[in-house]
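Make a model of the complete structure from these sequences and hints.
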Amino acid sequence: MTDLSDAFRAAFALIAGLDPALAEIVLLSLQVSLGAVAVATLIGMPVGAAMALFRFPGRAALLVLLNALMGLPPVVVGLIVYLALSRAGPLGVFGLLFTPTAMIIAQVILVTPIIAALTRQVIEDLWVEYEEQLRSLGAGPARAVPSLLWDGRFALLTSVLAGFGRASAEVGAVMIVGGNIDHVTRVMTTAIALETSKGDLALALGLGVILMTLALGVNAAAYLTKEWAQRRYG
Amino acid sequence: MTTTTKRSNPTARAVAWRALLVAAALTLAAVGAPSGLAADKFITVASTTSTQNSGLYDYMLPIFTKKIGIEVRVVAVGTGQAIKLAEKGDADVLFVHHKPSELKFVEAGFGVKRTDVMYNDFVIVGPKKDPAGIKGMKKAAAALAKVAAAKAPFASRGDNSGTNKAELALWQKANVDPKKASGTWYRETGSGMGATLNTAVGMNAYALTDRATWLKFKNRGDLEIVVEGDDVLFNQYGIILVNPNKHGHVKVDLGQKFIDWVIGAEGQAVIAAYKIGGEPAFFANAPKGGS
Amino acid sequence: MTSILPLELDDVSFEAGGKRLIKDFTCRLDAGPRTVILGANGAGKSLLLRLCHGLIRPTAGHIRWQGVDPGAKQGMVFQRPVMLRRSVAANVDYGLRLRGVPRRERAAIVDDMLGRTGLRRLADRPARVLSFGEQQKLALARVWALKPEVLFLDEPTASLDPAATHAVEELIDAMHREGTRIVMTTHDLGQAKRIANEVMFIHRGRLLERAPAVRFFECPENDLAQAFVRGELLWWRLGKDRQKISKPN
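Residue numbers (my numbering), protein chains in the order written: chain H, 1 to 234; chain W, 1 to 291; chain Y, 1 to 249.
I should point out that these hints are in silico values taken from the structure, not numbers from a laboratory.
Take every hint as true, because none was put in to throw you off.
Listing some non-contacts, in silico: residues in chain Y with all C-beta distances to chain H over 12 Å:
1. GLY18
2. THR26
3. GLY67
4. ARG116
5. PRO162
6. THR165
7. GLY179
8. ILE182
9. PRO212
10. LEU234
11. ARG237
In silico EDC-like pairs for lysine to aspartate or glutamate, Cα to Cα no more than 20 Å straight-line:
12. W:LYS139 - W:GLU224
13. W:LYS138 - W:ASP121
14. W:LYS139 - W:ASP121
15. W:LYS129 - W:ASP222
16. Y:LYS193 - Y:GLU221
17. W:LYS67 - W:ASP260
18. W:LYS218 - H:ASP6
19. W:LYS67 - H:ASP182
20. W:LYS216 - H:ASP182
21. W:LYS66 - H:ASP182
22. H:LYS226 - Y:ASP124
23. W:LYS41 - H:ASP182
All C-beta atoms in this analysis are idealised placements derived from N, C-alpha and C, irrespective of residue type, glycine included.
Okay, structure coming up:
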């Protein structure tokens, strides 16, 4: 497995040398993925909560659709967003193609269903537990939403992390709508794809190691925050 | 009668709104910041993965940007996709290597004018063991005919790229229809040059590649160059400005500045100076005196 | 401030799963006494409470409160208290926040309630780590802070040990003394004797007897009530020939 040891060596070399190109790529990756997750949470959590608490016509169909959308192939989403943002497309006037914004848009589409579906499950379970008591205290489903979201914060954090995992790991969508342009739209995953296509497998794997370390770091930070908060607030 | 009370609850709602505003602000900052608002002088060039993987852009573009002050953003995809990109107006300049397609592009009104820039050559790579026995042959088409006869594995890009079209032209010259054998010894990867080479290495197969990509390729495995030097392996690159009449937003001035530099004395010298492993990767051949 | 009492139940029925679980219930609750709704498990006590409190709607009949906004002036304590995943103090604070009580006032009320229920030293602990007894006291504090006119309690001490039960009963008494109308269910005869001023005896969804507590325990009129007071398990159902069959409800 010389490739693997080469990979680790390449990874350490990059990190130790504080390679500025690497720093740029990592920073952009975090900006795109975290930005996408933030927007997806703003959209997905209220939608999920609404689906959990309110009955409305078509809810069942929406539920099935939401769960299905979790499995959207990133490359297909990338293609659709590309066609929409292309100069020849409906949203071309904004000139968003091949920018980090386009990448965030594509990832928001990928991540929102995950957060919405998981939020729905969490809120639904919580409501089963809380409904009588909250109604008794004077909070119907609408008034209860902030409390439910807060009380379910640990489970909801997990759903956000799942969304982040999806965003930071995908390459198909960001490759198409971002164009993998050096210094502009090159993120970790597209850089790995590029180095692989150049046959520089050690470097590609090294970047992969760094990417996984990043993901580990984010999850570890979230876990520690959760532990601390749980000890403090229950 | 219900027990739900609908009282106004200013405090909770105020908190919720404040949180939402903060989140929205953070999001806008995240979205707005990296969208390159700082760089207003840039052009988008649709080019190919082969050119990208040769490393030419990494070498050439910083020199250009330093001299002229325009940022060049290269979107490197397959030739077919690059041309499509330019047709849709998603790029300002098209820089690929398949003359027939380029001329069609200009004829159809999508491009202003096509100019030669540089050339390199294709080579056929294959396993050192050489099951088809083509090593050292001087004629590429004949070599491919032997590959077909031996049913030796061959990895094709199969992606409508310049390289792919050149490869198919060779098969035609050899009077072989490899598509009939697609899935057996003829493997169409539908991928870029690098990915196809990775596959070829993994399968110990023959493949057609441009020399520059091969020189830069680090995962050679058991493969080496087996056929080179035939005139038909000549690979010409051309540069075209996307027609502003088709797409009003094309950056005509900036794009033309880039083209003029590339085909001018300075750009040509830079191209000629680019070496991989001590060997020149491309040969600059823009017509003297501009276009 | 108009009172929401008297509460009138007018021929109330509740049906679920094809079965009538509350049948033709008619009664009137005025201000004043501590009412204990007594009956065996499955008699319909919890359902009745939930109907009165408005958590479920009757399938027939009417439930009438007086005054405006009766919902805000009632409270309920459940057999298993549901604690929000936050501190003890925050739990008490929650209901006050819902009603728009300003912050400084809330802090004072929370402190007062925690003091009365003996939970002050636990104020910042996560509510979920409290013992059952402490959680039930917290549930009482939470609802007491809202100064309800009527408090429904659904078997509040069923899962508690005697010490905790005693503490909870003391708190209920304190609330009553301060003017809250108490309506509590229990299947525990002893507790009913300790707490009740009047008793409503329910069996299989029907109100069988209602009487002042002393009279009820000394000489109940209804035969099933008599059996219950004697401590018998009301397991049977009368068949067509008035024989006792063991078919459950």
